[in-house]
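Generate coordinates for the entire structure from the input sequences, incorporating the hints supplied.
For the record, the sequence lines run as chains A and B.
Heads up: the first sequence at position 197 corresponds to 197 in our numbering, and the numbers run straight through without jumps.
Heads up: the second sequence at position 65 corresponds to 65 in our numbering, and the numbers run straight through without jumps.
Keep in mind the hints are simulated off the structure, nothing from the lab.
Accuracy of the hints is not assured; some may be wrong.
[Stated by the list, open to error] Far from chain A by the CB rule (all over 10 Å, computed), these chain B residues:
#1 S47
#2 D79
#3 R81
#4 F104
#5 V123
#6 N128
#7 S149
#8 E234
[Claimed, not checked] With a Cα cut of at most 35 Å, we get these calculated DSBU-like pairs of lysine-lysine:
#9 B:K31 with B:K58
#10 A:K366 with B:K118
#11 B:K58 with A:K386
#12 A:K206 with A:K366
#13 B:K215 with B:K184
#14 B:K153 with B:K118
#15 A:K386 with B:K184
#16 B:K196 with B:K153
#17 B:K167 with B:K118
#18 A:K366 with B:K124
#19 B:K215 with B:K124
#20 A:K206 with A:K386
#21 A:K366 with B:K167
#22 B:K124 with B:K153
#23 B:K167 with B:K215
All C-beta atoms in this analysis are idealised placements derived from N, C-alpha and C, irrespective of residue type, glycine included.
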Amino acid sequence: MTVTDVARESVASALEQAPVVSHLNPLPSYDLADHPVPTGREEVWRFTPIKRLRGILDGEPSDARLEWDTSVPEGIEISTITAEQARELGELPPNERPAALAVARSGGAALIDVPAELAPGEPLVIRLTGASVDDLVWGHLVFRIGNHADVTIVLLHSGSARYCATTSFLVGDGARVNVVSLQDWADDAVHLGRDAIRVGRDASVKHTSVSFGGDVVRMHANVEYAAPGGEAELLGLYFADAGQHLEHRLFADHNQPRTKSNVAYKGALQGQGAHTVWIGNVLIRKVAEGIETYEENRNLVLTDGCQADSVPNLEIETGEIAGAGHASATARLDDEQLFYLRSRGVSDVEARRLVLHGFFNDLIRKVGVPSLEGRLTQTVEVELAKTVLAGVPLGASLILPVEEVAD
Amino acid sequence: MSTLEITDLHVSVNTEDGPKPILNGVTLTIKDGETHAIMGPNGSGKSTLAYSIAGHPKYTVTGGTVTLDGEDVLAMSVDERARAGLFLAMQYPVEVPGVSVSNFLRTAKTAIDGESPKLRTWVKDVNNALQALDLDPTFASRSVNEGFSGGEKKRHEIAQLELLDPKVAVLDETDSGLDIDALKIVSEGVNRFASKGNKGVLLITHYTRVLRYIKPDFVHVFVAGRIAEQGGAELADQLEAEGYDKYTSALR
Chain A
1 MTVTDVARES VASALEQAPV VSHLNPLPSY DLADHPVPTG REEVWRFTPI KRLRGILDGE
61 PSDARLEWDT SVPEGIEIST ITAEQARELG ELPPNERPAA LAVARSGGAA LIDVPAELAP
121 GEPLVIRLTG ASVDDLVWGH LVFRIGNHAD VTIVLLHSGS ARYCATTSFL VGDGARVNVV
181 SLQDWADDAV HLGRDAIRVG RDASVKHTSV SFGGDVVRMH ANVEYAAPGG EAELLGLYFA
241 DAGQHLEHRL FADHNQPRTK SNVAYKGALQ GQGAHTVWIG NVLIRKVAEG IETYEENRNL
301 VLTDGCQADS VPNLEIETGE IAGAGHASAT ARLDDEQLFY LRSRGVSDVE ARRLVLHGFF
361 NDLIRKVGVP SLEGRLTQTV EVELAKTVLA GVPLGASLIL PVEEVAD
Chain B
1 MSTLEITDLH VSVNTEDGPK PILNGVTLTI KDGETHAIMG PNGSGKSTLA YSIAGHPKYT
61 VTGGTVTLDG EDVLAMSVDE RARAGLFLAM QYPVEVPGVS VSNFLRTAKT AIDGESPKLR
121 TWVKDVNNAL QALDLDPTFA SRSVNEGFSG GEKKRHEIAQ LELLDPKVAV LDETDSGLDI
181 DALKIVSEGV NRFASKGNKG VLLITHYTRV LRYIKPDFVH VFVAGRIAEQ GGAELADQLE
241 AEGYDKYTSA LR
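Quick look at the structure:
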C-alpha cells in the first residue's frame, strides 16, 4: 500500500464517521444557526430567485394555516405531535434553511399514522388550500408507515400562500408507498417544500412531484435508507409558464448496501422568463455496496425566452456497485417526429400535441394513481392550449412547406 | 383516376455550407395503376426525391413542378400533401415515444378522412392490417417505432399504407434491411395496395431483389440527381447483370 492509499483510506474512514459526507448538500441540523439566511451565491441557492421568496427565509413566526380537507381510509389516524416527538420518530433532520424553519416555526407536526400491514384500496388524500399569498404558512407533516403496509398518499396543494413545509415519510420494513405531491397553486404562490423519505428494509417507495402552478416552487425530495434492500423511485413532472420558477432538487443518499434509486423527471417550458431547475444529487457511500441508481431529466423548450437548468451529480465512494448512471437532455420539439406525423396527414398543431402528450404520458402512466391520471393529462392539455394548440409559432421547431422555406 | 406528375424538378439540400444541389431536373409521370421503380446507386438522390415529394423541410425546391391530379403539391404543407393522397413509406421511420401505434393510426386516419373512423370496423381493420403483415395485435399498444426491429418498422409502414389508403405511395427503400420472409410479407402488402386499382406506386430501391416480388411497369435508372435511362421490367434484369457502372462511369 502506498502512502497516498493510506492517506485516502484515513480520509475515507474519517468521512464515513461524519453525519453526511456529501459535498453536494449542507450538513443536516435542527439548529437554525447552522442554516444562515442565504445570499444566493451558495451552491444550493444559486439557481433560486431569492428576492421572489417574499421574505420566507427571514423566518418570521406565523400562525396562518392552509385549509385541510382529507379523505382518510379506515385505519389511518391523524394526530398532532411536538417537533421533539417528530425528531424522536427518526425523521431526516433538515439539511437546509427552509426545512429547519418549517420545523422550528410550525409549533408541532401533523402525524399521519398508517398501521403495519394496512392496505387500504383507496388513496389517502390531503387537500391543502391557501387563502392568500399574504399568509405565511409553516408546515410540518410526518407520515409513519408501518411494516408491510401498502398505501397511496396524495397531497394536493392549491390556492395561494407563502408556504414552507417539511414532510417526512418514515417507511417501515417491506412497506409499499406511493406518494404524489401536486403543486397546483395560483399564479402568485410561493412554495418551499422538502419531502424527506427514510426507506425501511426491503421497502419500496414511489414519490412523484408534479408542479404546474405558483410563482416560485422549490421542492426537495430526499431519500435515505434505514436498512439494506430498499427501493426508491422518484418521479417528477412540471410545466413552467412565462415568469414561473419551478425547481426540483433530488438527493438520493445511498447509505445502505443493495439499495436502489431511480429518478425520472420530465418538464416543459413555455413563455418569456419560464425557468426550471432540476438538480439530481446521488451519493453512494463507501458502505453502500451493490447499489443501483439511475437518474434522468428531460426538458422540452416550447418557445423562446425560457431557461432550463439541469444538473445531475453523482458522488461515488465505492467501486462495488451494480450500476450507476444519469442522463439529461433539453431540447425543442423534434422536427423529424413532427415531419413523420405530418406526413401521415396529421396537422401541425395536432402533431405537436401528440408528441407532447407522448412525452408526458410515459411518466403519467408510471405515477400509478388512476384517479389522478385524468387530472394530470387534462392539466397538461390546458397548459398546451396556451401555446401549442393556440398556434403560437415555436421558433426553430416549426415546419414550413418547402416553398416557404425557399423564401 | 390519379396522376402524379413531376416535371424538371430541381432540389437543393440545406447544409452548413449553404444549399447543395441534389436533384438536377427530374421528370416522371405516374399514372394510376402503374408501378414505377427507381433504381440507382447510393448518393444518386433517390431519397431526396422521396422526401421532396413529401415536403421535408431539409430540402428546398429550386425549380420544376410536382402536381397530383393537377393540384400543385409544392404549394401544400406536409400534412396537406398526405391528405391530398400522397404517402411516403420511410427508409428510417421515426420513433415517437409515448404515442401508441393505435392512437397514431386513428389520429392519422381521422386526419386523412376528415372524420373519425367507425369504432367497430376500425378496430377490425387495424387488427387485420397488422395481422396481414405478421404483426402481433399487442403491437398496437406499443409506442410508435420505439424499440421496433428494422423489419417491424418497415412492416408498420406498409400497415399504414393499407389503412390510410392513399392515391400514390412512395416507398423509400422499404426493402432494405429486410430478411427474405419479411421482404415477401412487405411485398405482398404493397401488391395488395396496388391491386386495388387506381393506385400509383413509386418504388425506390437500391437492389433488384425486391422486383422479384413487386413487378414494376417501368424502371428508371437514377444517377447524379436525374433519370439516366428508363425502360420496362427488363431494365432491372440488365442492371442486375451489369450494375450501375456504365451510368456512373459516364460521369467520370
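Tested hints:
no. : hint               : verdict
1   : S47                : 14 Å, holds
2   : D79                : 4 Å, violated
3   : R81                : 8 Å, violated
4   : F104               : 7 Å, violated
5   : V123               : 19 Å, holds
6   : N128               : 19 Å, holds
7   : S149               : 18 Å, holds
8   : E234               : 33 Å, holds
9   : B:K31 with B:K58   : 28 Å, holds
10  : A:K366 with B:K118 : 31 Å, holds
11  : B:K58 with A:K386  : 28 Å, holds
12  : A:K206 with A:K366 : 10 Å, holds
13  : B:K215 with B:K184 : 13 Å, holds
14  : B:K153 with B:K118 : 26 Å, holds
15  : A:K386 with B:K184 : 48 Å, violated
16  : B:K196 with B:K153 : 24 Å, holds
17  : B:K167 with B:K118 : 21 Å, holds
18  : A:K366 with B:K124 : 29 Å, holds
19  : B:K215 with B:K124 : 30 Å, holds
20  : A:K206 with A:K386 : 31 Å, holds
21  : A:K366 with B:K167 : 41 Å, violated
22  : B:K124 with B:K153 : 21 Å, holds
23  : B:K167 with B:K215 : 18 Å, holds
This entry does not satisfy hints 2, 3, 4, 15, 21, going by the numbered hints stated previously.
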